[in-house]
Amino acid sequence: MKILLANPRGFCAGVYMAINVVDELLTSCPGEAIYVYHEIVHNRHVVERFRNRGVQFIESIADVPEGAIVVFSAHGVSPEVRAQARAKQLRAIDATCPLVTKVHAEAIRFAKRGWQILLIGHRTHQEVVGTRGEAPDSIQVVETPADIPHLVIVDPTKLIYLTQTTLSIDDAATVIRALKEAFPEIKEPPSSDICYATTNRQTAVRAIAPQAQLVLVVGSRNSSNSLRLTEIAEIDGTPARLIDDASELRSEWFIGVDTVLLTAGASAPEDLVHAVIESLVRAFGGEVEQVDVFDERMEFGLPGSLRSLLRERGIDPEGRRISLDRERDTAVFLEERGIAHHTVTLTIGRST
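If you read the sequence shown in the numbering used here, its first letter stands for residue 1, the second for the next number, and so on.
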């Protein structure tokens with residue numbers, strides 16, 4: 001069997017940063033309770049690994065003792081949640097992805113100008129809940145074109161759309177087209193709100209999937225971007241399966257399959273990908289062909305709130321940043337396991 005290994009895949013810069021925040025707190029604050037509001041990222045394994053190290057995940061600030069450390073997840077939170085944390089004098093560490101923070105800032109800026117904001121996204125997703133909370137009187141959520149006739153628009157000349165960062169490119173484009181048809185004067189955000197990692201992973205799947213008979217996406221079922229990767233493959237005609245880990249592989253999926261595309265959502269750890277490769281090679285033999293589509297170099301340093309806490313503890317935060325090399329780690333893994341592998345480049349474009 002040939003395993004086409006999509007690159008980029010897995011952790012994005014925002015997820016790396018958020019996970020590093022919690023890991024740094026566990027290292028630098030031994031013996032202290034660490035609370036995380038919501039799942040730090042939408043991946044079951046990441047959450048369970050932290051839970052096993054003593055991290056407590058909560059869905060209400062009321063569950064955090066006064067003065068304790070609480071981390072806001074990568075998806076962001078509303079001003080109401082921040083106010084609740086201040087009222088309890090919590091030490092809030094903000095692990096919100098900077099690209100989500102960008103959407104929050106846009107919502108605040110346009111709401112202050114008196115504009116109405118149409119937020120394209122899944123209304124129950126934590127990111128959308130947090131963004132909408134920045135200006136609830138100014139924001140209406142649009143999930144599909146079917147929502148458009150129900151919108152209440154005061155002045156169509158003061159109307160802008162924003163998007164959830166992890167949407168399907170195609171789904172977002174469909175809604176945007178419908179909004180422009182309904183409201184020709186609607187304004188676009190200053191730059192695309194769909195994050196680079198979401199775009200790159202979806203584009204890579206679309207580019208590579210025609211070479212495969214099956215697409216495997218490593219990711220949890222509550223991960224929006226992982227679900228979108230699965231949907232994109234299937235829409236384009238290649239069967240796809242979303243799996244949390246190698247234990248969910250089923251032999252009947254591979255009947256008549258000699259080429260598999262393997263990728264991972266932006267919150268899925270690389271070691272889960274390694275385990276899937278090992279299971280496939282053990283069952284079917286074959287080789288790994290990494291297909292490089294985009295060269296990602298985006299990095300985020302530690303958030304200011306954590307840097308301040310580290311300084312107070314006498315720890316120099318300079319240089320304390322994640323430095324994982326996914327390609328090197330995977331190459332070492334394949335070499336150690338004796339799995340044949342090589343890399344090819346599919347020229348589509350470059351992205352940070």
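Hints in this document: simulated from the structure, not taken from any laboratory. Just to be clear, a hint being listed does not mean it is correct.
Claimed, not checked - Derived lysine-lysine pairs resembling BS3-like cross-links, with alpha carbons at most 27 angstroms apart:
{"no.": "1", "residue 1": "Lys112", "residue 2": "Lys2"}
{"no.": "2", "residue 1": "Lys158", "residue 2": "Lys187"}
{"no.": "3", "residue 1": "Lys112", "residue 2": "Lys102"}
Claimed, not checked - For each label pair, taking beta carbons as the anchor points, the in silico distance ranges come out as:
{"no.": "4", "residue 1": "Pro136", "residue 2": "Thr101", "range": "48 to 58 angstroms"}
{"no.": "5", "residue 1": "Gly256", "residue 2": "Glu299", "range": "39 to 49 angstroms"}
{"no.": "6", "residue 1": "Gly314", "residue 2": "Pro210", "range": "28 to 38 angstroms"}
{"no.": "7", "residue 1": "Met298", "residue 2": "Thr259", "range": "41 to 51 angstroms"}
{"no.": "8", "residue 1": "Glu287", "residue 2": "Leu249", "range": "13 to 23 angstroms"}
Built from N, CA and C at the ideal position, the CB exists for glycine as well.
Hints and how they fare:
1. Distance restraint check for Lys112 and Lys2: the Cα-Cα separation of roughly 54 angstroms exceeds the 27 angstroms cut-off, and the hinted pair is therefore not satisfied.
2. This hinted pair checks out: Lys158 and Lys187 have alpha carbons roughly 8 angstroms apart, not beyond 27 angstroms.
3. Simply put, Lys112 and Lys102 have alpha-carbon atoms about 16 angstroms apart, close enough for the 27 angstroms limit, and the pair holds.
4. The hinted range of 48 to 58 angstroms is not satisfied by Pro136 and Thr101, whose Cβ atoms lie roughly 18 angstroms apart.
5. The given range of 39 to 49 angstroms is respected by Gly256 and Glu299, whose C-beta atoms sit roughly 42 angstroms from each other.
6. Between Gly314 and Pro210, the C-beta spacing of about 55 angstroms breaks the proposed range 28 to 38 angstroms.
7. A beta carbon spacing of about 30 angstroms between Met298 and Thr259 contradicts the range 41 to 51 angstroms that was offered as a hint.
8. At about 18 angstroms, the beta-carbon gap between Glu287 and Leu249 stays in the expected band of 13 to 23 angstroms.
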